Amino acid sequence: MKKIILILLFLIFISFKTGDNKSNYTVPRAAYSVTAGDIDMDGDNDIVVGHKTAWQNTNPTLTLLENINNGLFEVIDTSNSFCGYQENILLININIDSFPDIISFMCDFSSGVAERYIRIFYNNYGAFNLFQDFPLNNNEVFSDINFGDINGDFSNDIIVASGNGHFWGVLYNDGAGNFPEPEYHYVTDYYPYYIASGDLNGDGRDDIVVCGQSTEVFFSYPGGFQSLLLETNNFKEGVSIVDFDLDGDNDILTFVGIPFVNVTSLIMYKNQGNNSFDTLEDFYFQPISSKFFVTDFNNDSLSDILFQLSDKSGFVIYYNQGNFQLADSQFVALPPSSPQESWRNIYCADMDGNGFNDIIAIKTIFVQIPDNLIILFNDGNGNFVEDPITDIQSPNFKLQTSNLSCYPNPSRSFGTTISFSLEKNTFVTLQILDIKGTLINTLINNELLSGKHKTIWNGKTLNGKKVNAGLYLVRLKSGWNIYTQRIVVNK
Numbered sequence: 001m002k003k004i005i006l007i008l009l010f011l012i013f014i015s016f017k018t019g020d021n022k023s024n025y026t027v028p029r030a031a032y033s034v035t036a037g038d039i040d041m042d043g044d045n046d047i048v049v050g051h052k053t054a055w056q057n058t059n060p061t062l063t064l065l066e067n068i069n070n071g072l073f074e075v076i077d078t079s080n081s082f083c084g085y086q087e088n089i090l091l092i093n094i095n096i097d098s099f100p101d102i103i104s105f106m107c108d109f110s111s112g113v114a115e116r117y118i119r120i121f122y123n124n125y126g127a128f129n130l131f132q133d134f135p136l137n138n139n140e141v142f143s144d145i146n147f148g149d150i151n152g153d154f155s156n157d158i159i160v161a162s163g164n165g166h167f168w169g170v171l172y173n174d175g176a177g178n179f180p181e182p183e184y185h186y187v188t189d190y191y192p193y194y195i196a197s198g199d200l201n202g203d204g205r206d207d208i209v210v211c212g213q214s215t216e217v218f219f220s221y222p223g224g225f226q227s228l229l230l231e232t233n234n235f236k237e238g239v240s241i242v243d244f245d246l247d248g249d250n251d252i253l254t255f256v257g258i259p260f261v262n263v264t265s266l267i268m269y270k271n272q273g274n275n276s277f278d279t280l281e282d283f284y285f286q287p288i289s290s291k292f293f294v295t296d297f298n299n300d301s302l303s304d305i306l307f308q309l310s311d312k313s314g315f316v317i318y319y320n321q322g323n324f325q326l327a328d329s330q331f332v333a334l335p336p337s338s339p340q341e342s343w344r345n346i347y348c349a350d351m352d353g354n355g356f357n358d359i360i361a362i363k364t365i366f367v368q369i370p371d372n373l374i375i376l377f378n379d380g381n382g383n384f385v386e387d388p389i390t391d392i393q394s395p396n397f398k399l400q401t402s403n404l405s406c407y408p409n410p411s412r413s414f415g416t417t418i419s420f421s422l423e424k425n426t427f428v429t430l431q432i433l434d435i436k437g438t439l440i441n442t443l444i445n446n447e448l449l450s451g452k453h454k455t456i457w458n459g460k461t462l463n464g465k466k467v468n469a470g471l472y473l474v475r476l477k478s479g480w481n482i483y484t485q486r487i488v489v490n491k
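Counting with my numbering, you get residues 1 to 491 for the letters of the sequence shown.
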């Protein structure tokens with residue numbers, strides 16, 4: 001009898017793991033920010049959730065979910081070891097190893113005055129048992145945190161923005177994951193709530209864009225920053241720096257949610273070179289949006305735009321057609337919650353290993369609700385479903401590595417040799433992407449003869465800048481077929 005009961009319990013467990021709940025997970029309350037990356041360097045993306053817990057020590061502020069089987073996740077850690085207010089949690093490599101570290105805000109009220117820090121949890125082969133605090137030396141509330149190689153030394157620096165304080169700042173990385181005092185820069189007559197970085201002029205240094213009521217660029221030079229004010233009209237809801245038209249330089253995207261008329265306005269700035277931008281005509285649509293995420297959903301190398309709808313019904317995707325033209329929108333529904341959440345946040349990455357970027361959505365509410373983290377898996381044909389997709393039967397995509405090899409892997413200082421073979425003469429595109437699907441470099445983009453081919457990637461971007469250590473994708477398009485291979489870049 002006991003044996004029968006055990007078998008029944010096992011079958012129930014298997015049905016739970018392989019049924020409709022594959023995409024739904026419950027994490028502690030007030031889940032506010034989310035990101036993804038390969039925490040344990042086993043070749044798949046894991047999830048980190050930051051909680052907005054209003055500085056209460058008894059509330060968890062960090063949750064880790066490990067990818068245990070092609071898009072099936074297990075909560076491995078819910079930490080309440082520090083006070084946090086995680087508007088935007090980061091998972092990036094910050095020191096000399098290849099493992100991504102966790103960067104977060106921390107605040108200490110024990111002295112009666114808010115003492116604010118950047119807290120870095122250093123990744124020790126998948127464990128985050130060591131951390132270090134770096135003081136921000138400012139009592140103002142910080143509204144956003146991001147990263148970039150601001151001084152061009154091949155290390156990730158940390159950038160922050162404070163809408164309350166009317167300033168933004170940078171903490172420079174010494175290359176080993178240590179940071180001196182922040183360097184602050186004040187703005188005039190606006191609130192910089194969002195901050196992003198990217199090389200806008202091809203000099204190997206990441207520049208900074210801050211936006212709120214205004215959108216302003218700060219070009220990074222060895223002697224300081226040069227400011228360029230782009231726009232002062234409306235309060236922006238976010239900013240992204242990306243090569244949107246694939247012409248070799250980064251452009252700027254922002255958007256505005258206009259509540260009274262329930263309209264979203266996308267604002268695109270085309271990079272014209274020489275530190276100048278052409279402001280394109282606003283792209284309007286309904287309904288109003290509260291957040292966007294820019295990534296390539298259909299593997300055509302063009303970055304698409306996912307908008308999170310303010311009414312919490314789901315998302316709208318606009319696919320990039322090239323030359324700043326957008327296709328008709330696609331609506332992606334997200335199941336409602338009871339009680340309804342007050343806020344949602346998103347992150348996009350390939351979570352089931354099929355080569356297409358998926359959607360991770362978290363629901364923020366200050367009481368516990370079930371299924372407050374949902375993953376919508378991209379099937380490669382424009383559908384987002386609630387079960388992982390590890391095998392796509394489609395003429396447009398083949399997730400294979402037998403026709404694509406990279407050696408050495410992890411790569412070395414002299415680069416990596418990428419080898420492949422072609423059965424017939426065909427047009428070939430060979431590209432390097434980061435784990436978000438953002439284009440890093442195009443190595444081949446022309447017609448090749450049948451037979452064996454090889455080329456060397458020297459670990460640099462389109463603009464000749466050395467990439468940071470971490471996980472990257474090598475993607476080969478030959479005719480209708482697409483092949484991908486993961487590659488690790490060491491320091």
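It should be emphasised that the hints constitute simulated quantities derived from the structure, not laboratory data. Small disclaimer: the values here were computed from a predicted structure and weren't measured. Fair warning: there could be bad hints in the mix.
Keeping only pairs whose Cα atoms sit at most 27 Å apart, straight-line, the calculated DSSO-like set for lysine-lysine is [as the list claims (entries may be wrong)]:
1) Lys-22 with Lys-312
2) Lys-22 with Lys-270
3) Lys-270 with Lys-291
Here's how the hints hold up against the structure:
Between Lys-22 and Lys-312, the direct Cα distance comes to roughly 21 Å. Compliance with the 27 Å bound is thereby established for this hinted pair. Taken as a hint, the Lys-22 and Lys-270 pair is broken in the structure, with Cα atoms around 40 Å apart against an allowance of 27 Å. Taking the CA atoms of Lys-270 and Lys-291, the gap is near 21 Å; set against the 27 Å cutoff, the hint holds.
Figure legend: structure checked against the earlier numbered hints; the only hint not met is number 2.
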